[in-house]
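Here's the letter readout for the chains.
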Amino acid sequence: MNHDLVSLAAIFSQLSLLAFGGGNTILPEMQRQVVEVHQWMSKADFSALFALAQAAPGPNMMVVTLVGWHVAGWPGVLVSSAAKFGPSSLVTIAAMHAWERFKTRPWRRFVQAGLVPMTAGLVAASASLIAQASDRNWTLGAITAGVAVLAYKSRLHPLWLLAAGSVIGLLALGWS
Amino acid sequence: MPPDAPQRPPARIPTLAEIFTGFLALGLTAFGGALPHARREIVERRKWLDADEFTDLLGLCQFLPGGNVINLSVAVGMRFRGVAGALAGLLGLIVGPTLVVIALGVLYQRTHHDPRVEHLFAGLAAAAAGLLVAMAVKIAWPLRRKPEMALIAVLAFVAIALLRFPLLPTMLVLTPVSILLASKVRR
Chain A
1 MNHDLVSLAA IFSQLSLLAF GGGNTILPEM QRQVVEVHQW MSKADFSALF
51 ALAQAAPGPN MMVVTLVGWH VAGWPGVLVS SAAKFGPSSL VTIAAMHAWE
101 RFKTRPWRRF VQAGLVPMTA GLVAASASLI AQASDRNWTL GAITAGVAVL
151 AYKSRLHPLW LLAAGSVIGL LALGWS
Chain B
1 MPPDAPQRPP ARIPTLAEIF TGFLALGLTA FGGALPHARR EIVERRKWLD
51 ADEFTDLLGL CQFLPGGNVI NLSVAVGMRF RGVAGALAGL LGLIVGPTLV
101 VIALGVLYQR THHDPRVEHL FAGLAAAAAG LLVAMAVKIA WPLRRKPEMA
151 LIAVLAFVAI ALLRFPLLPT MLVLTPVSIL LASKVRR
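Here the protein sequences come in this chain order: A and B. Position 172 of the first sequence, counted from 1, bears residue number 172 in our numbering, the numbering being contiguous throughout. Position 49 of the second sequence, counted from 1, bears residue number 49 in our numbering, the numbering being contiguous throughout.
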């Protein structure tokens, strides 16, 4: 239990500082740590928690809270949240004074431009790993593909797409 | 700021409680990405920042590690009330969604042995994966005309998704290369 809390703190504080380009870039590493290294849950469970977090309101990394809760209950929630949101927030506080000076420097644009392909590769990795774990049959694969096309082509609210996916899952996979 | 720039009317500085409740409302109402909501709340409804200030602060938040909206709650709080304000903004933003998501987690744990619930959640997870796929395509598509940058994206994908390398060493190797390439391409 105590050991788990230390591991949660170590994992999420590292991810907090590596999450350039937003939360979805760190999903593969989170999955690797949670599923492969610590074996707290299966790949499919991790995808289910990620999906639950996507269906909830708020910032898009609430899967962190669910992982903490799954591993160690309320203490896990507190430790994971503090570790995930604390370090990056301290960086933000520290950077606010410097921002006025460095926002116009050329290196800032190069750093920002250089991070774009990293973000692209990492979000694509997230998509691939979450889809592999979620799409256990053709019906689920078709839901993923359909939602992807609609989310890309249309301006439908993501919540409608999640709701549609759930209903199709319920109906198409049978009532058994 | 040039001397003839129009002076913003001196808006009242929000209190700690207002920062907390402002972000609490934002956290609980923002479904599927909080950023458009954040702009509406902070700029249009509460008028804490004007459009340029918001864009400037968002630029910082996107540059730094961490979720954009999380960083924004910290930056806005910090700007008005220092570290206490930053804490008020951050806690306000995450406390509501934390409780909601745990309630969903409890519900899932109690019910997921029911096959219907299992099918519902399987569909939900498949749809969530679809949203990620669309987001990946949106981010990657503009790279198609920049072969060097596209190569970095492919290498990052292969290292993380296929070879399952840890993130830290992958970033330590690829990010400097990518930044160097970006500076060469621009010149």
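In case anyone wonders, no lab produced these hints; they're calculated from the structure. Be careful, since some hints might not be right.
Listed below are the simulated DSSO-like cross-link pairs for lysine-lysine, each with C-alpha atoms no more than 30 Å apart in a straight line [stated by the list, open to error]:
1) B:Lys184 / A:Lys103
2) A:Lys103 / B:Lys47
3) B:Lys184 / B:Lys138
4) A:Lys43 / B:Lys184
5) B:Lys184 / B:Lys146
6) A:Lys43 / B:Lys47
7) B:Lys184 / A:Lys153
8) B:Lys146 / A:Lys43
9) B:Lys146 / A:Lys153
Using C-beta positions, here's what the derived DEER-type ranges look like [claimed, not checked]:
10) A:Trp74 / B:Arg12: 20 to 26 Å
11) B:Arg145 / A:Ser42: 24 to 30 Å
12) A:Arg109 / B:Asp114: 48 to 54 Å
13) B:Arg145 / A:His157: 27 to 33 Å
14) B:Ala51 / A:Thr104: 18 to 24 Å
15) B:Ala84 / A:Gly73: 27 to 33 Å
16) B:Ala84 / A:Ala98: 40 to 46 Å
17) B:Lys47 / A:Gln39: 31 to 37 Å
18) A:Val6 / B:Ser183: 38 to 44 Å
19) B:Thr15 / A:Ala98: 48 to 54 Å
20) A:Val6 / B:Val177: 30 to 36 Å
21) B:Asp114 / A:Thr104: 28 to 34 Å
22) B:His113 / A:Gly73: 39 to 45 Å
Glycine included, each C-beta is placed from N, C-alpha and C at the ideal position.
Hint by hint, here is what the structure shows:
The suggested pairing of Lys184 of chain B with Lys103 of chain A holds, with an alpha-carbon distance near 20 Å, which does not exceed 30 Å. Simply put, Lys103 of chain A and Lys47 of chain B have alpha-carbon atoms about 24 Å apart, close enough for the 30 Å limit, and the pair holds. Between Lys184 of chain B and Lys138 of chain B the CA atoms are separated by roughly 24 Å; this keeps the pair inside 30 Å, and the hint holds. Restraint check for Lys43 of chain A and Lys184 of chain B: the C-alpha separation of about 40 Å exceeds 30 Å, so the hint is violated.
Between Lys184 of chain B and Lys146 of chain B the CA atoms are separated by roughly 12 Å; this keeps the pair inside 30 Å, and the hint holds. Of the supplied pair hints, the one linking Lys43 of chain A and Lys47 of chain B is violated, its CA atoms being roughly 44 Å apart against a limit of 30 Å. Taking the CA atoms of Lys184 of chain B and Lys153 of chain A, the gap is near 34 Å; set against the 30 Å cutoff, the hint is violated. Proximity of Lys146 of chain B to Lys43 of chain A is assessed by CA-CA distance (about 34 Å); at most 30 Å being required, the pair is judged violated.
Taking the CA atoms of Lys146 of chain B and Lys153 of chain A, the gap is near 23 Å; set against the 30 Å cutoff, the hint holds. One distance hint, 20 to 26 Å for the beta-carbon pair Trp74 of chain A and Arg12 of chain B, is violated here, with the actual separation near 37 Å. Taking 24 to 30 Å as the suggested C-beta distance range, the pair Arg145 of chain B and Ser42 of chain A does not conform, at roughly 40 Å. Taken as a hint, the range 48 to 54 Å holds for the pair Arg109 of chain A and Asp114 of chain B, whose Cβ atoms sit roughly 53 Å apart.
For Arg145 of chain B paired with His157 of chain A, a C-beta distance near 31 Å keeps the hint of 27 to 33 Å intact. Range check, Ala51 of chain B to Thr104 of chain A: about 19 Å between beta-carbon atoms, so the 18 to 24 Å window is met. Remark: the range hint 27 to 33 Å for Ala84 of chain B to Gly73 of chain A is upheld by a beta-carbon distance near 29 Å. In this structure the supplied range 40 to 46 Å is violated for Ala84 of chain B paired with Ala98 of chain A, their Cβ-Cβ distance being about 21 Å.
Remark: the range hint 31 to 37 Å for Lys47 of chain B to Gln39 of chain A is contradicted by a beta-carbon distance near 50 Å. Look at Val6 of chain A against Ser183 of chain B: about 40 Å separates their beta carbons, and that is inside 38 to 44 Å. Between Thr15 of chain B and Ala98 of chain A the beta carbon distance is about 27 Å. The supplied range of 48 to 54 Å is therefore violated. The hinted window of 30 to 36 Å between Val6 of chain A and Val177 of chain B holds, with their beta carbons roughly 33 Å apart.
Hint check: Asp114 of chain B to Thr104 of chain A, Cβ distance near 58 Å, so the stated range 28 to 34 Å is violated. Between His113 of chain B and Gly73 of chain A, the C-beta spacing of about 20 Å breaks the proposed range 39 to 45 Å.
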